[in-house]
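Could you build all of it, start to finish, from the sequences and the hints given here?
Here this note's numbering is used: position 96 in the sequence shown is 96, and no number is missing along the way.
It is worth saying that the hints were derived from the structure and are not from the lab.
Take these hints with a grain of salt, some might be off.
[Claimed, not checked] Restricting the straight-line Cα-Cα distance to at most 20 Å, the calculated cross-link-like pairs of lysine-lysine (PhoX-like) are:
id : residue 1 : residue 2
1  : 4         : 69
2  : 115       : 4
3  : 69        : 117
4  : 69        : 115
5  : 90        : 115
6  : 90        : 117
7  : 4         : 117
8  : 77        : 117
9  : 77        : 115
10 : 77        : 90
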Amino acid sequence: MIMKRGAAYVIDFFFGTALFDVYFQIFKHKKAAGEEVVHGPVAILAFIVSYYGYYIVMEYFRGQTIGKKVMRLKVIKSDGSRLTLTDVIKRHLFDLVESVCCVFLAFIVMISNNKGKRIGDFIANTEVVDARNVPAVLPT
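Given below as structure tokens:
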């Protein structure tokens with residue numbers, strides 16, 4: 001499961017950064033040396049919103065990102081009920097910490113428990129499972 005989640009992450013990384021690239025292409029400008037840049041806190045905020053927004057929107061509406069769909073994974077509530085927007089946001093609160101500050105934190109947490117949960121999964125009471133084992137309609 002951890003390998004499938006890793007592969008899904010790599011696929012999703014490209015989709016998340018592609019959204020920022022669209023923003024970059026629209027708002028870039030050239031420096032004197034000809035280098036194309038987008039400056040300031042707006043650029044950082046745009047990256048965070050587009051990158052993490054991709055995960056939040058996809059998981060809230062579909063229960064899976066494109067990478068998870070390709071790898072046949074799905075995010076569900078641990079009790080089997082439907083994900084709420086709050087659940088998905090809670091699930092991704094620690095993404096930035098896990099990916100920037102502590103590169104191996106998510107991996108260590110995932111291998112330390114039998115369901116392969118990340119910190120965000122524990123906070124939101126969610127888990128990633130094989131999509132083939134999830135009923136088409138989740139209870140509400």
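Check the structure against each numbered hint from earlier and tell me which ones fail, lowest number first. none
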